[in-house]
Amino acid sequence: MESLTKIEDLGKPRVVIVGGGFGGLELAQALRHAPVQVVLIDRQNYHAFQPLLYQVATAGLAPDTIVSPFRKILDEQENFYFRLAEVQAVDTEKQLLETSIGMLRYDYLVLATGATSNFFGDQQMQQHAITLKSVSDAIELRNTVLSNFEQALQLGDMEKINSLLDFVIVGGGPTGVEIAGALSELRTHVFPRDYRELNFKEMDIHLIQSGPALLKGMSKEASEKSLEYLKQFGVQVWLDRRVKSYDGYTVTLNTGEQLVTRTLIWAAGVTGSPISGLRPDCLLPGNRYQVNEFSQVAGYENIFAIGDIAAMKSAEYPEGHPMVAQPALQQGKLLGHNIIQHLAGRPKQPFRYHDKGSMATIGRNHAVADIKLFGQDLRLNGFVAWLAWSLVHVLSLVSFRNRLLVLLNWGWSYLSYDKGLRSIIGSSKPLVPLEQPHEEKAVT
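Here full-length UniProt numbering is used: position 133 in the sequence shown is 133, and no number is missing along the way.
Since the hints were derived computationally from the structure, they do not count as laboratory data.
Just so you know, these numbers come straight off a predicted model, no measurement behind them.
Here are the simulated lysine-lysine pairs, DSBU-like style, with alpha carbons at most 30 Å apart: (1) Lys-216 to Lys-356; (2) Lys-313 to Lys-372; (3) Lys-372 to Lys-216.
Using the sequences and the hints, build the whole thing.
Spelled out as structure tokens, the structure:
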């Protein structure tokens, strides 16, 4: 396989970044003025703002409002190069990265490949559940929800109709809680207008959490308040339950209880996305690379890992930092600084995570927030937390265009109680075939 001769060799150290998520993009920007060549490899040509994927999935935002092309974000960075490719393996001795479009030489290799859904080996669950880790997933979920309702209009059997109207969300973290809240809003304000022939009092939203509390990692106050809000919105929360199996129709819990749904949304766990070629002993349980305080992968001087794929253990974080945006952003920024320091022969700075807090929204005017500000822990909930959540997420988007579009969408939705992006474009999740409805039950 030939080298990527299309990438000009600038005669400078080449930093190859695999993955353009929060950490990878932050690192590329941190190297803007560094005497290096920055090459970013990603399977997509855009950066996606993952915390708002659930809003795309629930018709609140258009996909293009939360994505920005890498070339647009970094169009003024002269040392930046992008290639659309899949990374397949790394040859650490020759310092070559094998990709779907050829071999690429590196001087510094940074793995920022993120994480993917973890089904814990359950192939049946993986086949039938819907995940929410990418823009494609979000569009598929939106299409599935709307397609299910269209199909429900053609049925007369109430059990089959309810299987299409009901939703089961597995995982009580921020993603699961926010999807549940968004679906409850749609059930109240939008779906009854669109599908007047369906009785949305029969639409059940189930949220299943394996532990005794929601939003693990947040404060007790946030956990309790989120549970209160979800119950207020009519979401049925199942604590201390695990999903034992799902065949595309019946959800069986570890307690023996069963739920019927055609749509199970999996937000229960993630696992790292490693690449082959590195020594097996540097990969920890959960498929995260063991890294030191300088983000170097164990046993390598010039290979680094940041973000969800990296496990930087410490006394405070014995399992590594939380798999959220802030550690990735901070690690990417510091690694850029340290590469510049290293090239200049100056000492590097060890990483220290500055926890800025956590937030989750549970529908209109309802959110919870644990904020660390000036050494103080603030516990917010309700409307104030919802405003704070909205402000933080808008400001975190990478382009002014996206911020403006999101603000306009949110403003219109808030005033009109409407979610205007309810088109079925593209494919939906294939459903397990049902028995054909009886002729007398067909909707005409």
